[in-house]
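Student: Required output: the full structure, derived from the provided sequences and hints.
Chains as they are written, first to last, in my numbering: chain E, -6 to 434; chain L, 11 to 474.
What the hints contain is simulated information worked out from the structure, not anything from laboratory work.
Label pairs and their in silico Cβ distance ranges:
id, chain 1, residue 1, chain 2, residue 2, range
1, L, 130, E, 395, 27 to 37 Å
2, L, 306, E, 16, 35 to 45 Å
3, E, 260, L, 36, 12 to 22 Å
4, L, 377, E, 260, 30 to 40 Å
Below, a list of computed lysine-lysine pairs in the PhoX-like style, where the Cα atoms sit at most 20 Å apart:
id, chain 1, residue 1, chain 2, residue 2
5, L, 411, E, 153
6, E, 158, L, 412
7, L, 130, L, 15
8, E, 153, L, 412
9, E, 160, L, 412
10, E, 129, L, 412
11, L, 62, L, 106
A virtual CB, placed ideally from N, CA and C, is assigned to each residue, including glycine.
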Amino acid sequence: MPIEILMPALSPTMEEGTLSKWLISEGDIVSSGDVLAEIETDKATMEIEAVEEGKLAKILIPEGTEGVMVNAPIAILLEDDEDDSVLTNYKSGSALTPPNSQEAKQSKSETVAPLTTPEKVQENNGDRIKVSPLAKRLAAEAGLDLTTVSGTGPQGRIVKADIVKAKLSGPATTEEPSGLVREPRERQALDTREVGMPLGGGADYLTKLGVEPGSYDLLPMNNIQKVVAKRLLDSHINVPDFPLVVDCEIDKLLAMRKELNGQTPEGIRISVNDMLIRACALALKHVPEANASYTPDGIAIHKNADVAVAVAIEGGLITPIVRQAQNKGLSTISAEMDDLIIRAKDRKLKPLEFQGGTFSMSNLGMMGIREFGSIINEPHGMILSVGAGTPRAVVKDGALAVATLMTVSLTCDHRVVDGALGAKWLQHFKRYVEQPITMML
Amino acid sequence: MTSQKFDVVVIGSGPGGYVTAIRAAQLGYKTAIIEKEALGGVCLNWGCIPTKALLRSAEVYTQMQHAANYGLTAQTGFDLSAIVKRSRDIAAQMSKGISFLMKKHKITVVEGFATLTPGKPAPRVHVSNVTYEAKHVILASGARARTIPQAGLAPDGKYIWTAKEAMIPEDLPGKLLVIGSGAIGMEFASFYDAFGTDVTVVEMVDRILPAEDAEVSAFAQKAFKKRGMKILTGTQVKSVKPGATNIAAVLKSSTGEVSETFDRIILAIGIVGNVENMGLETLGVKIDRNHIDVDNYSFTGVPGLYAIGDVTTPPWLAHKASHEGIICIEKIAGLNPHPLDANAIPGCTYCHPQIASVGYTEAEAKSAGHDIRVGKFPFIGNGKAVALGEADGLIKTVFDKKTGELLGAHMIGAEVTELIQGYTIARQLETTEAELIETVFPHPTLSEMMHEAVLAAYDRALHI
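Tutor: This is the structure in structure tokens:
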């Protein structure tokens, strides 16, 4: 019996994806564990591995195909004793079942069963938590939720040291409200495939707006671009946001960075961004009410400062998250960011590493931008936009002086963070940045 | 004066240096390795490998002597020069193997003694008239036997040997004094005893093999005494006095001083790092009692200079050096290696009976604050051990009572040096007693005792 290779679901919300590349060709012999193809999902590119062995008889979905539904057959594998003749009369079983009915059922049952704890989520998406038996036992004894612990062992395996560290850094979160809010929204985002088109109505969108056909190249959107477009539009429409702008003097911060980098161990280089991440996290810890998400059922106050950092990657934008940043020192943050950025650029981030978070930060300082505003990355209550630190004239003790100033804009979701609260948070942020020594406490 | 440029220069080609060089080459670095003597360093040429060859001869000889136990008859006899030759041939063969490996990985081998002068981004390395410039210099210069010339405890070309001389004897000493009962001392004591030498071992502290679990030390002491070895713990050699045909040693213990004469003395009182004459002082390398201070990733603090293996901090073991070197070069390459956990490094002694251990001893576990469970299983309860005629031995496990963490494992008896990796893997994977108990061990094997020693810690041992 020929074996069908199906389009896998790589995250709980994934309904379709782009089959970006076949790594083997028809006629190749594959054994279990071989990488067959690359799939581009919501935000990352992942590899499909063979589970069974045999000869790849036929590729059903050519590479570059977009919108391949989850569970649709993408190729056919023949076992050792079969030859191509079985393909002649072969009709794909599940391929003919409209994926919709299955999908619909699945999403219905998911709506009925509320996502109560992250552990449930874990079961649903089938993600394996890599954890050592000892770490598992220690976590159970400490009442720690393994989904909140990041692993430092081989391939992110959670080991004893991680649990010991997590125990020191305080009680685990037992709920992740961000997940509750984001889930349905992202589902919606993926339901509508043609993002951006409804406004103008179809393919001749630009023509209707007076742009001549043929005067432009139309590039298909990848999944990242689609998701970003949909989510940011939703945010723009749904979130009553407003900006708060403040100048921060960063001479001391730059001096401290220089001093720190003179003393860090080989391989660690603290960036200004790393220090700002820590400042954000500490300010969130100081003003916990600003570390909030709007939900229809109430305002969720997050227990951890999970700082999402906007990273530009080829063909889009992704926001890897430094989890529990309030408990992490500069070198840890720096090492984590280095790793996240490298893997983000390779599109090798795991969904857990960029989905969720409680706050975001976007820095365009390195591009020379003086100040800018960002769109809230739901379910976050705030996003900080960081401009370039430049020498500017300031008045000090009644006289003109030169200081390095950095302008930051905090965009707040007014439903959870009002002007006074946002300003209070900015005061703390500014204090950490201007007196960076306090960051070390 | 010519100069050559490399990405990585490794100084020393022992198991630390040559493994580091291979890993560097695998990572795409243009690599050179400098060796002042033979490729493979002390380990291959004057340590681990040739002594294992000698001990194998001793083992086979002992078996032959006990042939009757197996229903066999054998004429016993030995030729010391042939035993030594076999050991030297094996060392030479292994060294040639390293030469092949260097070629295979396109590593430039430089013969000579390296000195260093300040440079950027790393110190410059000089051998004879050639300067080697590299981005990263990794020092793996190893160590040598410790001697105390002030007390006359240094090789004298006649009566006093270090490991190196003890490895190539021309005659068997009739009466031998081994100073120091660590791995090296006990291996030589075991070798010479097997061929009929009257062996005395002196140890300063109150038990032999002081790094091992106290119970294993006691077991070993009993086994050696049973073989006819004389073991003096709590004893120091105060002075030695060479005579015309033998050497007198004054042995001092709490009961007083005795003078005894010996044909030969083997110094096995530890090692000292090879840190001299390379210009390390002028570079500002931190050296503490002949060993270099380094961080978790072997960085010396001098830009571009790293140090690994015996020239750094203990444990001074070949496999530690290799691992350290790999971690060091991977860190340099920007990978994300985990620092070496000294407690995860197994130790092996190849005397008869063999000794192997990993992790905390029972005493160490207690003093580290663990509430523990201890399991023990004797070789006499194992069918394979009895069938082999090797019914003397013990396997012991130490678990944390609360978490089930395998804190340590200690073994003495036949082939335990080949068994210890099982517990080492278990520790590395952080398995608890539950997984070990569920693991199926093949029957009949010595490894079943490892299972039983775990079961015993939880009062579930089956065959005792």
